[in-house]
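Below, each chain spelled out in residue letters.
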Amino acid sequence: MTLWIGTRKGAFVLSADRQRRGWRLSGPQFLGHVIHHVVQDPRAPKTLLMAARTGHLGPTVYRSVDRGRRWGEVPGPPAFSKAAPGKTGRAVERVFWLTPGHVDEPGVWYAGTSPAGLFRSEDEGQHWASVSGFNDHPMLSQWAPGRGTPGGELLHSILVDPRDPRHLYLAISVGGIFESTDGGRDWSPLNEGVEADFLPDPNAPFGHDPHCVVLHPRQPDRLYHQNHCGIYRLDRPARRWQRIGRAMPTRIGDVGFPIVVHPHEPDTAWVLPMDGTRVWPRTSIAGRPAVYETRNAGRTWQRRDRGLPREDAWFTVLRQAMCADQEARPGLYFGTTGGEIWASRDAGESWRCIAQRLPEIYSVTTALH
Amino acid sequence: MTCSVHVASPLRDYTHGAAVVSAEGGTLAEVLADLERRFPGMRFRMLDEQQRIRQHIRIFVAAREAHDLAQPVAPRDSVHLICALTGG
Numbered sequence: 138m139t140l141w142i143g144t145r146k147g148a149f150v151l152s153a154d155r156q157r158r159g160w161r162l163s164g165p166q167f168l169g170h171v172i173h174h175v176v177q178d179p180r181a182p183k184t185l186l187m188a189a190r191t192g193h194l195g196p197t198v199y200r201s202v203d204r205g206r207r208w209g210e211v212p213g214p215p216a217f218s219k220a221a222p223g224k225t226g227r228a229v230e231r232v233f234w235l236t237p238g239h240v241d242e243p244g245v246w247y248a249g250t251s252p253a254g255l256f257r258s259e260d261e262g263q264h265w266a267s268v269s270g271f272n273d274h275p276m277l278s279q280w281a282p283g284r285g286t287p288g289g290e291l292l293h294s295i296l297v298d299p300r301d302p303r304h305l306y307l308a309i310s311v312g313g314i315f316e317s318t319d320g321g322r323d324w325s326p327l328n329e330g331v332e333a334d335f336l337p338d339p340n341a342p343f344g345h346d347p348h349c350v351v352l353h354p355r356q357p358d359r360l361y362h363q364n365h366c367g368i369y370r371l372d373r374p375a376r377r378w379q380r381i382g383r384a385m386p387t388r389i390g391d392v393g394f395p396i397v398v399h400p401h402e403p404d405t406a407w408v409l410p411m412d413g414t415r416v417w418p419r420t421s422i423a424g425r426p427a428v429y430e431t432r433n434a435g436r437t438w439q440r441r442d443r444g445l446p447r448e449d450a451w452f453t454v455l456r457q458a459m460c461a462d463q464e465a466r467p468g469l470y471f472g473t474t475g476g477e478i479w480a481s482r483d484a485g486e487s488w489r490c491i492a493q494r495l496p497e498i499y500s501v502t503t504a505l506h
Numbered sequence: 123m124t125c126s127v128h129v130a131s132p133l134r135d136y137t138h139g140a141a142v143v144s145a146e147g148g149t150l151a152e153v154l155a156d157l158e159r160r161f162p163g164m165r166f167r168m169l170d171e172q173q174r175i176r177q178h179i180r181i182f183v184a185a186r187e188a189h190d191l192a193q194p195v196a197p198r199d200s201v202h203l204i205c206a207l208t209g210g
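Protein chains in written order, with this note's numbering: chain A, 138 to 506; chain B, 123 to 210.
The hints are simulated quantities; they were obtained by calculation from the structure and are not laboratory data. Note that beta-carbon positions come from the ideal geometry of N, C-alpha and C, so glycine has one too. You may find that some hints are simply not true.
[Stated by the list, open to error] Here are some of the chain B residues that sit facing chain A, going by a computed Cβ distance under 8 Å:
#: 1; residue: 159
#: 2; residue: 171
#: 3; residue: 184
[Claimed, not checked] Here are the simulated distance ranges between beta carbons:
#: 4; chain 1: B; residue 1: 140; chain 2: A; residue 2: 209; range: 50 to 56 Å
#: 5; chain 1: B; residue 1: 210; chain 2: A; residue 2: 340; range: 26 to 32 Å
#: 6; chain 1: A; residue 1: 164; chain 2: B; residue 2: 204; range: 38 to 44 Å
#: 7; chain 1: A; residue 1: 221; chain 2: B; residue 2: 142; range: 36 to 42 Å
[As the list claims (entries may be wrong)] Examples of chain B residues toward chain A, derived with CB under 10 Å:
#: 8; residue: 136
#: 9; residue: 137
#: 10; residue: 169
#: 11; residue: 173
#: 12; residue: 177
#: 13; residue: 178
#: 14; residue: 179
#: 15; residue: 186
#: 16; residue: 187
#: 17; residue: 208
Put together the whole structure using the sequences plus the hints.
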């Protein structure tokens, strides 16, 4: 088992045996680079892509074809089309998200950027093309006006329906969730039922703030979504999200960044609530971090905090920094902005810290040896 | 026309560690194009896809900051590629 850790100051690797014991830290790789996402290709496990930039240099993508031992910069990283003369064109500030394409489309990858842009590669991430159906959509200036939030307007949670490579979802923070059924040529908002208490129109069709959207690989009509305004579930073909976070304890609420699904059980998911009161501290609530688990698709939630700090732990877990492995009883992992990695070998029942004193953690992903 | 280009350390992965390289060109755009030809990928880290100098990059030609890629570069001018970074 391998964990790839993307941080504000480089990439790290944590490795363990199949029993997920004896974690060993290696790295840093690309020390000083800002690493937003490191993702293994499940169709070609020797291949990994890394979304990177530095504090001063523009964004790029690195690629490895030997499981991360050696990396090379790709020759054509994501970039918007050149603007027509007299027009102000957009420029990618960072590559934020990477998603491998459908199993029937080997070599295809998608990338999400800030400002919000969708890019597609058909050669294992070496060259990227703007997905014009989204990036040049006539509604894009309203869906993603580019003003964004202090952290930048982020396009993330690019999901590919495992039954149909033409069926795609993506999310923009802030902007909402969007769906395409024609391979990205056209898109439509999918935000019905999602609250947006910061908007003047509570029924706005877009402008929402999805933090993380996931699709269950074995039941692809089942979507979960952690939003700035709650936790939601959607069972397609329905279009109206249900706020399953209402069942969370009132003192905890249902604000957070990540949401993770059980790899085999569509009714099981985990969230990591954060403090969304007043000025939005976004830390663990009352300094006592806890994972919450549902085993019934959000009807009830159980606190899972055995082994986690009981007090004075004021960390934040970002949207890409929590994941599950593929074991029958999956391991769960999350990384904190304080540079700690926490792991559970028993599907969240108990936790222990397996790395600390790392830079601010942006992403945690699993990779098979 | 050949000029010398002083390369900031974050860009030296592209120049194989060299702090100073030579480049051909009569304008800054031509000099950067020559650098890109010899050190692929380097230009996009300094200029965005709209050919704007990135926010934290400064380029000096003959000790004067250049804001326009059409800036002429004379023979034996020095070009300095500077990376501006603050904070921790």
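Going down the list of hints, with the structure as the test:
1. 159: 13 Å, violated
2. 171: Since the shortest Cβ distance to chain A is 4 Å, the answer is holds.
3. 184: 22 Å, violated
4. B:140 x A:209: 50 to 56 Å: Violated, at about 19 Å.
5. B:210 x A:340: 26 to 32 Å: At 43 Å between Cβs, range violated.
6. A:164 x B:204: 38 to 44 Å: Violated: the Cβ-Cβ distance is about 29 Å, outside 38 to 44 Å.
7. A:221 x B:142: 36 to 42 Å: 38 Å, holds
8. 136: 9 Å, holds
9. 137: 13 Å, violated
10. 169: The hint holds - residue 169 (chain B) has a Cβ within 10 Å of chain A, the shortest such distance being about 8 Å.
11. 173: Hint holds; residue 173 (chain B) Cβ to chain A Cβ min 8 Å, cut 10 Å.
12. 177: At about 8 Å, which falls below the 10 Å cut-off, the nearest Cβ of chain A leaves the hint on residue 177 (chain B) intact, so it holds.
13. 178: 4 Å, holds
14. 179: Holds. Min distance 6 Å.
15. 186: With a minimum Cβ separation of about 20 Å from chain A (threshold 10 Å), the hint on residue 186 (chain B) is violated.
16. 187: Residue 187 (chain B) check fails; min Cβ-Cβ to chain A is 15 Å, beyond 10 Å.
17. 208: Cβ of residue 208 (chain B) sits 8 Å from chain A, so the hint holds.
In summary, the numbered hints that this structure violates are 1, 3, 4, 5, 6, 9, 15, 16.
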